[in-house]
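A.B. asks: From just these sequences and the hints, can you work out the full model?
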Amino acid sequence: MLVYTLPHIIENAAQQQPDKIAFKYLSDTLTFSELHVKSNQLAQYLKNKGIQKGDRIGIYMPRCLETTIAIYGILKAGAVYVPLDPFAPITRTEFVCKDCDIKHIISIPQQTRKLKKFSGDTGLVSIIGIHQELSVATAISWETIFEVSIVPSAPVNILGDDLAYILYTSGSTGTPKGIMHTHTSALAFVKLAATMYEMQDAIYGMHAPLHFDPSVQGYYAAPYALATTIIVSDAHTKMPSSLAELIEKEKITIWFSVPLALIQMLSHGNLDHRDMSSLKWVLFSGEVFATKHLQALMKRWPFAKFSNIYGPTEANQCTYYHLETPPLTDVPIPIGYIWGDTAFKIIDPQDQEVNDGDIGELVIRTATMMKGYWNNPELTQASFYKEETIVGAPHIYYRTGDQVCLDKEGRLLFLGRKDHQVKIRGYRIELGEIESVLSSYSGIEEAVTIVINEEITAQKKLIAILLPSHHTSIDIAALKAYCQQNLPAYAIPDSIEIYNEFPRTASGKINRKEIEKRITS
Amino acid sequence: MQEKIIKYIEEELANEELDGGLEATEDLLGSGILDSLGMMKLIAFLEDEFGCKVLPEEMVIENFMTVAHVNDYLVSKQ
Chain A
1 MLVYTLPHII ENAAQQQPDK IAFKYLSDTL TFSELHVKSN QLAQYLKNKG IQKGDRIGIY
61 MPRCLETTIA IYGILKAGAV YVPLDPFAPI TRTEFVCKDC DIKHIISIPQ QTRKLKKFSG
121 DTGLVSIIGI HQELSVATAI SWETIFEVSI VPSAPVNILG DDLAYILYTS GSTGTPKGIM
181 HTHTSALAFV KLAATMYEMQ DAIYGMHAPL HFDPSVQGYY AAPYALATTI IVSDAHTKMP
241 SSLAELIEKE KITIWFSVPL ALIQMLSHGN LDHRDMSSLK WVLFSGEVFA TKHLQALMKR
301 WPFAKFSNIY GPTEANQCTY YHLETPPLTD VPIPIGYIWG DTAFKIIDPQ DQEVNDGDIG
361 ELVIRTATMM KGYWNNPELT QASFYKEETI VGAPHIYYRT GDQVCLDKEG RLLFLGRKDH
421 QVKIRGYRIE LGEIESVLSS YSGIEEAVTI VINEEITAQK KLIAILLPSH HTSIDIAALK
481 AYCQQNLPAY AIPDSIEIYN EFPRTASGKI NRKEIEKRIT S
Chain B
1 MQEKIIKYIE EELANEELDG GLEATEDLLG SGILDSLGMM KLIAFLEDEF GCKVLPEEMV
61 IENFMTVAHV NDYLVSKQ
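Chains A and B supply the protein sequences, listed in that same order.
So the first sequence is numbered by the UniProt record's numbering: it starts at 1 and just counts up by one.
So the second sequence is numbered by the UniProt record's numbering: it starts at 1 and just counts up by one.
Quick caveat, the hints were computed from the structure, so don't treat them as lab data.
Keep in mind the model is a prediction, meaning the values are calculated, not measured.
For each residue, glycine too, the CB sits at the ideal point set by N, CA and C.
Be aware that a few hints might be false.
[Unchecked claim] With a Cα cut of at most 25 Å, we get these calculated DSS-like pairs of lysine-lysine:
{"#": "1", "chain 1": "A", "residue 1": "Lys480", "chain 2": "B", "residue 2": "Lys53"}
{"#": "2", "chain 1": "A", "residue 1": "Lys249", "chain 2": "A", "residue 2": "Lys280"}
{"#": "3", "chain 1": "B", "residue 1": "Lys7", "chain 2": "A", "residue 2": "Lys461"}
{"#": "4", "chain 1": "B", "residue 1": "Lys7", "chain 2": "A", "residue 2": "Lys114"}
[To be verified] Pulled from the structure, derived: some chain A residues nowhere near chain B, Cβ distances all over 10 Å:
{"#": "5", "residue": "Gln132"}
{"#": "6", "residue": "Glu245"}
{"#": "7", "residue": "Tyr321"}
{"#": "8", "residue": "Val331"}
{"#": "9", "residue": "Lys423"}
{"#": "10", "residue": "Arg425"}
{"#": "11", "residue": "Ala478"}
{"#": "12", "residue": "Ala489"}
{"#": "13", "residue": "Ile492"}
C.D. replies: Below you can see the structure in the form of structure tokens.
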């Protein structure tokens with residue numbers, strides 16, 4: 001069948017291989033046909049409730065089998081799903097719900113305790129997937145959903161250009177921003193990834209949470225290729241030895257995670273006693289993989305090909321760099337080559353192309369690119385670069401904000417950010433968002449956050465430096481609690497320092513470089 | 001031992017606000033209380049505080065599911 005929207009993936013798989021396991025979580029499984037039927041029931045329920053095409057519906061749960069029913073059910077109803085980080089502070093989740101007008105959330109009973117904390121002004125109407133009614137919303141259990149009868153009716157006409165999902169990520173102004181993807185932009189990525197990483201009949205290990213864009217591979221590219229996806233539980237992600245055992249037991253052939261998960265398996269995974277030879281591809285993205293660890297892991301797993309994947313959430317994947325043998329030097333590996341259906345330019349601050357080999361900002365034109373930022377036309381406009389080569393049909397590029405250059409072999413090298421965005425454990429963090437939260441705390445005049453690399457552990461540390469108001473003493477424990485209420489866990493500073501004054505540049509701006517020098521010396 | 005572990009997690013590691021303190025039977029791994037780096041810090045703490053060596057093959061879900069499991073695991077090593 002013609003696959004031009006995301007639900008077609010599961011319809012097609014259910015036709016081709018109905019009894020094959022599509023997703024497995026711990027010992028529970030869903031075949032392609034079971035997923036097709038259950039997601040149809042959820043879609044029918046949503047339509048019965050009056051959900052209209054384009055309505056936004058939240059998904060609030062750690063990844064599990066219900067996640068797959070939720071995403072496909074929402075999409076089949078013509079609606080748009082918005083992953084809500086199940087571990088984010090409530091205030092942040094409420095912000096996202098209000099920002100894109102979420103009335104219904106799909107969840108699981110284990111989230112009930114947190115759902116009870118949502119306030120009435122969030123605007124929620126119902127929670128699907130829990131048993132207990134809340135004061136702010138009604139509850140409908142999964143058991144009820146799985147009793148819904150499918151009523152023959154005119155199908156929702158979903159087009160490739162319709163919105164499919166919105167992923168929220170850190171925003172520099174202090175609030176998260178929503179990145180909108182259509183069925184077409186997601187599918188373009190899905191088809192390229194399924195081909196490049198030879199996913200046909202693979203056993204795919206999915207480590208990424210739903211609100212993190214690599215999850216698109218596991219939820220869509222793997223079933224597109226009729227592969228089985230093993231959804232890694234949160235418990236496994238925290239225990240490297242159990243994680244390695246899972247890869248061995250499930251005979252996973254394609255693994256995709258941030259480098260940290262691989263580094264922890266290398267150091268604590270008891271790999272001497274594990275047979276990992278089922279692995280054919282080891283994919284990693286989100287941040288730079290420290291070369292010495294990459295070399296060590298590749299020596300352990302000589303049977304696997306490794307691939308460095310680069311691409312901001314706004315554009316899914318843009319480049320790849322495959323390695324079949326360990327890198328020979330300690331030099332950071334390239335982000336590599338632009339992949340299919342994608343073009344790029346490297347531009348200077350005046351939007352002119354740089355000379356060969358010079359450093360500039362990477363801009364990309366690709367079929368996998370987002371539609372824009374939710375409810376933010378100015379930011380959307382500012383993030384695109386238009387090239388008017390053909391009058392009336394400009395080429396539109398996304399400004400990545402990443403500084404790159406081309407090396408002599410024609411490979412792209414990543415050289416840092418243009419702005420204050422950093423990556424910690426694969427998560428994008430705008431330092432401005434953390435600073436804005438810190439500065440909003442009573443008694444703090446100004447705040448700066450910097451990231452330093454710890455040599456020994458190859459980990460990044462987030463350090464906050466504060467300038468208190470005159471004669472104010474800051475209660476650090478209370479401030480940390482305040483951060484926990486307002487920032488996701490990965491954005492909470494590892495340590496906090498108090499300065500009496502900040503070093504400034506001649507123009508009066510805070511001299512971040514000087515602060516960095518003081519902290520690292 | 002159990003109280004010391006709870007105190008350390010509450011004060012140093014907990015990523016989210018705990019309602020009325022951490023229970024010994026509360027799920028440490030499936031919840032957002034600890035992340036993967038927090039778990040590594042907890043292991044380093046156990047080694048320093050109780051003078052034991054947590055072997056890679058012991059870094060498994062069964063030993064770290066809850067504070068009570070961690071406690072039982074440490075007792076079994078003594």
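A.B. asks: State for each hint whether it applies.
C.D. replies: Verification of the supplied hints:
Only pairs whose Cα atoms come within 25 Å are accepted, and Lys480 of chain A paired with Lys53 of chain B is rejected, the gap being roughly 31 Å. Restraint check for Lys249 of chain A and Lys280 of chain A: satisfied, since their Cα atoms lie roughly 15 Å apart, inside the 25 Å limit. At roughly 23 Å between alpha-carbon atoms, Lys7 of chain B and Lys461 of chain A fall within 25 Å of each other, so this suggested pair holds. Proposed proximity of Lys7 of chain B and Lys114 of chain A is supported: the alpha carbons are some 23 Å apart, at most 25 Å.
Residue placement check: Gln132 of chain A keeps its beta carbon more than 10 Å from all beta carbons of chain B (closest about 16 Å). A cut-off of 10 Å between C-beta atoms contradicts the statement that Glu245 of chain A is not in contact with chain B; the least separation is 7 Å. Distance to chain B confirms Tyr321 of chain A as a non-interface residue, since its nearest Cβ pair spans about 25 Å, more than 10 Å. Separation of Val331 of chain A from chain B is adequate, the least Cβ-Cβ distance of about 26 Å exceeding the 10 Å criterion.
No beta-carbon of chain B comes within 10 Å of the beta-carbon of Lys423 of chain A; the shortest separation is about 14 Å. At roughly 7 Å from the closest C-beta of chain B, the C-beta of Arg425 of chain A falls inside 10 Å, breaking its exclusion from the interface. Every beta carbon of chain B lies more than 10 Å from that of Ala478 of chain A, the smallest distance being close to 12 Å; the non-interface claim holds. Chain B draws Ala489 of chain A into its interface by the beta-carbon criterion, the shortest separation being 4 Å against a cut-off of 10 Å.
Listed as outside the interface, Ile492 of chain A is inconsistent with that label: its C-beta sits roughly 7 Å from the nearest C-beta of chain B, within the 10 Å cut-off.
Of the numbered hints stated above, those contradicted by the structure are hints 1, 6, 10, 12 and 13, listed in ascending order.
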